[in-house]
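The listed protein sequences correspond, in order, to chains W, Y, Z and X.
In terms of the working numbering, the first sequence opens at residue 1 and continues consecutively.
In terms of the working numbering, the second sequence opens at residue 482 and continues consecutively.
In terms of the working numbering, the third sequence opens at residue 717 and continues consecutively.
In terms of the working numbering, the fourth sequence opens at residue 842 and continues consecutively.
Just so you know, these hints were derived from the structure itself, not from any lab.
Mixed in with the good hints, there may be bad ones.
To be verified - Derived, one-sided and incomplete: chain Z residues facing chain W with beta-carbon distance under 7 Å:
| id | residue |
| --- | --- |
| 1 | Phe720 |
| 2 | Met762 |
| 3 | Leu773 |
| 4 | Ile809 |
We treat Cβ as the ideally placed atom computed from N, Cα and C, and that holds for glycine.
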Amino acid sequence: MSSTLFIALPLLFGFISPLFSKFGKNTTAIVSTTMQLFLFLLSLSLLVDAKPYVEVISINPPLGISFVLTKVSLFFVTLFTFLMLMFSLYYMSYRKTIPYKNETKFFILINMLLASAVGLVLSSDIFNIYVFFEIAGISAYILSAYKKTPSALEAGIKYLLTGAIASVFLVFAIALIYLNIGSLNLAVISLSFEELPHNVKILISILLLVGFGFKIEIFPLNFWVSDVYEGSSAHVNTLFSAIVVKAYLFVFFHILYLFLPSGEFSIFLIYLGAISMLVAEIVALKQTNLKRLFAYSSLGQIGLIFTAFAMQNQDGVQGALYIIFAHSIAKTIIFLSLTTIGKKYNTYDIEVLKKLNSNFLKVVMLIAMLSLLGIPLFAGFVGKFLTLKTLAVNGTFLAMGIILLASLLEAVYYFKLVGFMFVKNEVKEVLEINKTQKVIFASLAIILIIVGTFPFVVSNFLLDSANVLLDNHSFITMLMH
Amino acid sequence: MSLKRDLPTSTMSGFALSASLVLTILNILLHNIPNNIQTVGDELLKLNQTEGVANAVTTVVVYFRGFDTLGEIAVLFIASLGIGLMLDANKRCDIKAKSNFMLQTASKLLFPIIMLFGIYVMVYGHLSPGGGFQGGVIVASGVLLLLISFNEFELSHKVVSMLEMFAGASYVIIGLIGLLVLDKFLGNFLPNDVANMGMLLSGGIIPIIYIIVGVKVGSEMSVISENLIKRCEDV
Amino acid sequence: MFEFFNQSEVIKIIIIVGSMSLFLVGLFGLLTQKHIIKTFISIAIMESSVFLLFIGLSYKQTFLAPILADGQQNFSQMNDPVPQAMILTAIVIGMAVLALGVSFTIEYYKLTSKTNIDEMTSLRN
Amino acid sequence: MIGFLILSVFIGIVIIAFASVTQKKLSDAIILFMGVGLGSVVLFFIFKAPDVALTEAVIGSGISSLIFLMALKHLKEKA
């Protein structure tokens with residue numbers, strides 16, 4: 001089986017979508033979800049027998065573009081296809097009541113987002129990464145402006161402006177890389193990047209950091225994130241928080257590990273991550289809009305992931321992969337339940353949680369929040385614990401202190417939310433949740449609990465993945481053979 | 482948070498900030514002028530001798546780095562979809578001002594020539610400068626001329642969306658055929674007679690793909706122009 | 717006097733300084749201009765400065781354009797086609813993003829009559 | 842000669858670009874932006890990149906500026 005299908009099929013779906021309208025109203029939705037199910041099963045089947053595999057496009061690497069399927073990229077592909085499938089299923093149950101006006105376009109956009117996220121993870125050519133960077137960006141801009149209300153359009157414009165600036169810097173970095181090294185293949189660049197003149201190396205690294213920094217939402221380039229999350233609809237935020245950012249984070253660190261295997265800027269990046277976590281959690285404290293609050297919470301978690309990745313060692317990367325896994329699933333639960341809540345009460349103000357009358361939703365959201373906080377027995381705990389442990393082993397106690405402080409602040413507002421949810425309310429009106437949604441929420445919550453209680457289910461796989469991600473030698477030999 | 486509230490906004494400080502940033506970059510670049518090194522392009526030029534077409538840039542765009550072009554098509558497709566979504570098709574109204582007679586006559590005369598030129602650029606993309614992107618946009622600019630001069634002119638949406646669909650889908654399908662036949666996505670599965678290099682019928686799938694790209698770009702750009710022109714004020 | 721400018725080192729310096737000045741102008745516009753369309757123009761100028769830098773530095777004076785002209789047989793002594801292909805892709809992508817941004821701006825203006833970035837404050841608290 | 846040509850075109854487009862971004866009137870700014878595009882076309886042609894020159898001519902300075910101008914029409918309607 002071929003990894004190109006993950007990208008080719010969604011593209012094909014997008015291109016032939018005008019055909020579907022001829023077969024009735026629901027065809028697009030059904031075809032899209034079936035395709036996502038197929039892709040998820042495909043990634044699972046690849047997972048059973050995970051062998052590193054290079055997929056060649058047109059001509060052999062290192063001259064041409066190629067896709068590298070390793071354990072770690074397979075982890076991300078499986079995660080993305082799974083979450084996208086869950087999102088689609090949720091949307092299918094949601095659209096029965098309030099269908100979107102231009103639904104076909106919505107399905108095209110989410111599939112393009114999936115294709116580009118997978119492409120970012122698989123691609124081994126830096127200019128190809130730029131192209132996927134743009135596809136993901138452009139579909140995200142449209143998704144965030146989709147409602148066409150003033151605030152949605154404002155969010156879209158802000159997102160687009162920052163994205164366009166980011167892409168200028170990224171192209172600049174790629175141009176300098178090509179001019180100095182003469183290749184676009186990550187493996188070839190990796191072989192000679194460290195031998196570049198010191199200043200050029202720093203310039204390229206900074207340009208890459210700025211280019212990707214806007215997209216991976218790292219302090220101080222993340223000023224637009226909360227606006228975009230507030231302006232966009234809640235279910236679209238699921239995609240931003242669970243899929244898009246994670247793909248960018250992976251590709252950024254993939255490039256970083258390949259280019260600077262000695263970890264030259266490691267300590268700087270560790271503090272950058274820790275500080276962006278702290279800043280995000282401080283700002284989150286005073287938020288009164290739920291979407292905005294969870295946007296800042298996402299920023300905090302991304303800072304944590306950034307720190308864990310930046311340590312550039314086995315335990316750190318394993319911790320980062322754990323947090324990515326837990327955070328993606330928890331944020332999917334949170335934003336999808338926010339969609340349900342917002343649809344019912346028509347507001348995202350924090351006070352709405354007091355009116356919430358659905359024990360099922362309350363419990364599910366509680367599980368997600370506890371996992372985000374990193375309470376033992378939930379999936380978030382393992383990652384946070386590993387990260388903090390590794391920071392302590394590395395001797396960067398200041399960063400560890402910052403993260404602990406930030407977690408404390410995180411706990412403050414999460415427990416405020418929990419207090420709001422479980423305050424005794426007089427509301428008689430029960431929030432009905434239909435069966436499909438219940439199954440989705442329950443299965444996601446169960447995954448969080450299982451992984452948290454029995455971490456050995458995934459720990460071996462994640463450890464192998466972390467090793468693969470850090471192992472430049474095998475990546476290079478795979479592409480150069 | 483406003484996008485620019487936290488940044489210095491007065492002219493002087495803006496200039497100082499950007500100047501210091503650019504001067505740093507300039508300093509580094511001037512001290513390390515990239516010298517002519519062996520690049521992947523040299524090897525691709527050698528490979529082009531046996532596998533490519535007369536225009537080496539076309540070979541690189543369409544074949545050696547074909548996946549980038551597929552992604553680029555996807556970007557254009559999504560952008561045109563987004564523009565269509567934003568400037569809603571239901572809110573169309575006729576432009577009140579009638580364009581003058583000179584413009585109408587001139588565009589009647591010019592339209593076929595522009596079309597011919599666009600198609601020429603598209604079809605000869607593998608032999609001379611030009612190709613699908615440029616040709617497609619030239620064709621779209623011809624359509625734009627008609628849209629400006631004749632208020633009643635409208636694109637047939639059925640035809641345009643069919644063209645778009647056909648072009649996009651056949652690009653991916655050609656890629657998948659390459660995957661089946663040669664085990665390489667977008668592999669050149671048609672015979673490429675290099676002795677004929679410089680003839681119209683040479684290069685295997687390369688000219689075919691570039692024409693497909695042209696059709697796709699032309700229809701996308703026409704739709705974008707139509708959306709931008711015909712969108713009128715809300716009543 | 718003109719011979720001085722024809723040395724390849726001097727040409728490279730001209731290209732670097734020229735394109736970086738263009739980059740500076742774009743960045744300056746981005747930081748100081750408030751109108752959304754102006755911001756897009758600034759971004760487009762920055763983009764084209766990067767394109768000029770890339771194509772300019774990969775250009776070799778004595779070599780030919782990478783297209784087989786009449787009577788030529790092989791692809792030697794030609795300029796690098798890869799940067800040209802990349803920039804071709806990047807130009808189209810940049811245009812698509814800007815067109816989308818313009819359409820957002822139009823819709824936003826129809827709803828709120830605002831085109832100034834500093835006035836886009838409905839999402840601030 | 843070629844070096845001097847490159848220098849003068851660069852000086853020209855930098856001046857035009859500066860005029861474009863500082864211009865108060867939007868339509869003038871857009872027309873000047875087209876001028877930057879045309880200057881780049883000349884440079885790309887000198888740099889032996891005819892494909893890029895053609896692309897920049899039709900897309901970079903052609904369609905992009907047209908899109909800006911069409912936007913201008915809409916933005917003025919209500920002003």
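Evaluated hints:
1. Phe720: Nearest chain W Cβ about 24 Å off; hint violated.
2. Met762: Holds. Min distance 5 Å.
3. Leu773: holds, 5 Å
4. Ile809: holds, 5 Å
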